[in-house]
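Chemist: The listed protein sequences correspond, in order, to chains A and B.
Sequential numbering of the first sequence, starting at 1, is according to the numbering used here.
Sequential numbering of the second sequence, starting at 1, is according to the numbering used here.
No lab work stands behind these hints: they were computed from the structure.
Check the hints yourself; a few may be wrong.
Claimed, not checked - If you only want the chain A side, here are some residues facing chain B, beta carbon under 10 angstroms, derived:
1. N205
2. S206
3. Q213
4. N299
Said to hold, decoys possible - Here are the in silico distance ranges between beta carbons for each label pair:
5. A126(A) - S27(B): 35 to 43 angstroms
6. V339(A) - Q87(B): 55 to 63 angstroms
7. Q146(A) - S61(B): 49 to 57 angstroms
8. L115(A) - N40(B): 15 to 23 angstroms
9. A135(A) - P73(B): 26 to 34 angstroms
10. G178(B) - P343(A): 27 to 35 angstroms
11. L150(A) - S61(B): 36 to 44 angstroms
As the list claims (entries may be wrong) - Listing some non-contacts, in silico: residues in chain B with all C-beta distances to chain A over 10 angstroms:
12. D68
13. L103
14. A121
15. H122
16. R135
17. E139
18. A148
19. G178
20. I212
21. R213
22. D217
All C-beta atoms, glycine included, are put in the ideal place defined by N, C-alpha and C.
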Amino acid sequence: MAAQFLNRTLSGDRPRSLILTIVLLAILIGLAFAPFLFPGVRSLETAARICIFIVLVASYDLLLGYSGIVSFAHTMFFGLGAYGVALASTHMGRGYDALLVGTLAGAAAAAVLALMIGLFSLRVRAIFFAMITLAVASAVAVLVSQLSGLTGGEDGLNYQIPRELTPAFKLGELFGVNISGKILNYYLVFFASLLLFLLLLRVVNSPFGRVLQAIRENDFRAEAIGYRVVFYRTLATCLSAAVAALAGSLFAIWLRYVGPDTTLSFEIMLDILLMVVIGGMGTMYGAVIGATLFVLAQNYLQNLMGMASGATEGLPLIPQLLDPDRWLLWLGVLFILSVYFFPTGIVGRLRSGD
Amino acid sequence: MTQTLLETDSLTVRFGGHVAVDAVTCSFRAGELTAIVGPNGAGKTTYFNLISGQVTASAGSVRLMGEDVTRDPVAVRCRKGLGRAFQLTNLFPDLTVLENVRLVIQARRRMGFNLFSMASAHTELTVAAMAVLERVRLEPLRDQKVGALSHGNQRKLEVAILIALDPVVYMFDEPTAGMSVDEAPVVLDLIAELKADTDRTILLVEHKMDVIRSLADRIIVLHNGALAADGDPATVMASDVVQEAYMGRDLADV
Chain A
1 MAAQFLNRTL SGDRPRSLIL TIVLLAILIG LAFAPFLFPG VRSLETAARI
51 CIFIVLVASY DLLLGYSGIV SFAHTMFFGL GAYGVALAST HMGRGYDALL
101 VGTLAGAAAA AVLALMIGLF SLRVRAIFFA MITLAVASAV AVLVSQLSGL
151 TGGEDGLNYQ IPRELTPAFK LGELFGVNIS GKILNYYLVF FASLLLFLLL
201 LRVVNSPFGR VLQAIRENDF RAEAIGYRVV FYRTLATCLS AAVAALAGSL
251 FAIWLRYVGP DTTLSFEIML DILLMVVIGG MGTMYGAVIG ATLFVLAQNY
301 LQNLMGMASG ATEGLPLIPQ LLDPDRWLLW LGVLFILSVY FFPTGIVGRL
351 RSGD
Chain B
1 MTQTLLETDS LTVRFGGHVA VDAVTCSFRA GELTAIVGPN GAGKTTYFNL
51 ISGQVTASAG SVRLMGEDVT RDPVAVRCRK GLGRAFQLTN LFPDLTVLEN
101 VRLVIQARRR MGFNLFSMAS AHTELTVAAM AVLERVRLEP LRDQKVGALS
151 HGNQRKLEVA ILIALDPVVY MFDEPTAGMS VDEAPVVLDL IAELKADTDR
201 TILLVEHKMD VIRSLADRII VLHNGALAAD GDPATVMASD VVQEAYMGRD
251 LADV
């Protein structure tokens, strides 16, 4: 019974590697009990960001890894979800209805925009789609920063969310940890992310997912056995966009702030690409590993380097190399090494190693 | 009188100034195996591409069971019953043998847009796919990746995919291309079996004359994109056109 339930939950797509299973379990437990295992504002912030990026990267993997479609508009969809919540909360006032309306509107807008881009450009060559997404994403980013009356421009928007989801709401103490609305908010993020991830895992293992893989392998033949390739690619794009928007909504609910830098910047797009490549494309679990590693590195590599720099103070050159300001350099080195040694990503490497 | 399943009416395609298929009017009847022959560059594969939709006609029409499909995209024609196997092996190399055939069955049952069920839970697809694999004797290799199969087995899988499509019109484009003398009969036997079982129509592009002699009910000859001869094998093969075409001399000289 339990085995069957697990099989259905994972849609029959097991990690297929002992080490990978252990790592994934560790991440799941770490995130599920983050408020208790790693108390503190900063670690909770990191844990929530990991949850949200897992969904965001997994939705990108549906596109890049499973469908072979290169898109540069993923942060745009993420941003649509985030701004949906922000705008609804600003104009409708604080409330769950605003969160719901904003979330649904953001996801719907993302899906419709993806549909338009898809039908317009997926008929032709894949590279054309990539260019169009780049153009549309840049246009939207400019638009958001220019329409400052609506979007707050570069400053972004601050807004109120229901009190039960904010630190001001106190519930008492559990295992020595003060349970506040922030922790409730974290669990909203955690469970929503878990659900969305499992949903994506189901989609890639559904009959639809099989068609996407067939199209990625040989679109010419997929068409010749009766699949309208353009419709499948378009649906995958819409679905991926909608899930990215949902991740954006979660991010907006979590941060109570949206701005171009946190949701729309091209830097985030690059981060997503790095996470999916480091984790392993076309595996879904790669999104979990990639997002976790990357967000941890973003948040703690600097601390670690500060410590290492301090510890090697007497030595020549090394303290300078390990200076926290050089963290991007080391992240770059890590990226190159990981692509060189694990061209199929960490998940691909672990699966082939068993 | 047997039913006409497929007709091409003045079917023409031009690439720039070159007329690759030139006003071919022909019909194909149920229960018939038609061999399409002609020298290299005669337009046989292009004629196939026009029928199955990979190439769009410049003029003329393709009708499947009376319905005009000339403007339909490839996938739609496939669903309506135009099944095509390719000259160069054209499969899903990173998927298993079983998955290749399962995908075809899944397409036929219109299950591609099923997003939220587990593909592995649809055992009826697996059962149907296994039945096809048994027919072509590939079932022992069901879990092999297709890219790792021998060329001969890949050709067999091409046939399996066509069988799985269960089309109205079976289109084989040089099914034995690149196969050794030992391997070729296996595929030809499969086509012979298919011919014996089916009341559909089979189109076969083939170069090997002995193959044609043993399988075909009828031969059509394409030369420079045009229909040069059409009839029963004995007559056509004895005719001047075939002799000339295969000797390589221009028909205009005859």
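Chemist: Each hint should be assessed against the structure and marked as holding or not.
Modeler: Quick rundown of the hints versus the structure:
Among the interface hints, the one on N205(A) holds; its C-beta lies about 6 angstroms from the nearest C-beta in chain B, closer than the 10 angstroms criterion. For the restraint placing S206(A) at the interface with chain B, the shortest Cβ-Cβ distance is roughly 5 angstroms, inside the 10 angstroms limit, so the hint holds. The criterion of a C-beta within 10 angstroms of any C-beta in chain B is met by Q213(A), whose closest approach is roughly 7 angstroms, and the hint holds. Given the 10 angstroms rule on beta carbons, the hint for N299(A) is violated: about 35 angstroms separates it from the nearest Cβ of chain B.
Hint check: A126(A) to S27(B), Cβ distance near 39 angstroms, so the stated range 35 to 43 angstroms holds. Here the CB-CB span from V339(A) to Q87(B) is close to 38 angstroms, at odds with the stated 55 to 63 angstroms. About 53 angstroms separates the C-beta atoms of Q146(A) and S61(B), a value consistent with the hinted range of 49 to 57 angstroms. At about 45 angstroms, the CB distance of L115(A) to N40(B) disagrees with the hint of 15 to 23 angstroms.
In this structure the supplied range 26 to 34 angstroms holds for A135(A) paired with P73(B), their Cβ-Cβ distance being about 27 angstroms. For the pair G178(B) and P343(A), the supplied restraint of 27 to 35 angstroms holds, since their beta-carbon distance comes to about 31 angstroms. At roughly 54 angstroms, the beta-carbon separation of L150(A) and S61(B) lies outside the given 36 to 44 angstroms, and the hint is violated. No Cβ of chain A approaches the Cβ of D68(B) within 10 angstroms, the least distance being about 19 angstroms, so the stated non-interface status holds.
Not every C-beta of chain A lies more than 10 angstroms from that of L103(B), the closest at about 5 angstroms, which undercuts listing it as non-interface. Remark: the non-interface label on A121(B) conflicts with the geometry, its nearest Cβ contact in chain A lying 8 angstroms away (cut-off 10 angstroms). The Cβ of H122(B) does not lie farther than 10 angstroms from every Cβ of chain A; its closest approach is about 7 angstroms, which violates its non-interface assignment. The non-interface label for R135(B) is consistent with chain A: the shortest C-beta to C-beta separation is roughly 17 angstroms, beyond 10 angstroms.
The claim that E139(B) lies off the interface holds: its Cβ sits roughly 20 angstroms from the closest Cβ of chain A, which is beyond the 10 angstroms cut-off. Non-interface call for A148(B) relative to chain A: holds, since the shortest CB-CB distance, roughly 14 angstroms, exceeds 10 angstroms. Every CB of chain A is more than 10 angstroms from the CB of G178(B) (nearest about 18 angstroms), matching its label as outside the interface. At the 10 angstroms boundary, the C-beta of I212(B) stays outside the reach of chain A, the nearest C-beta of that chain being 25 angstroms off.
Non-interface call for R213(B) relative to chain A: holds, since the shortest CB-CB distance, roughly 29 angstroms, exceeds 10 angstroms. Look at D217(B): its CB is around 26 angstroms from the nearest CB on chain A, clear of 10 angstroms, so calling it non-interface holds up.
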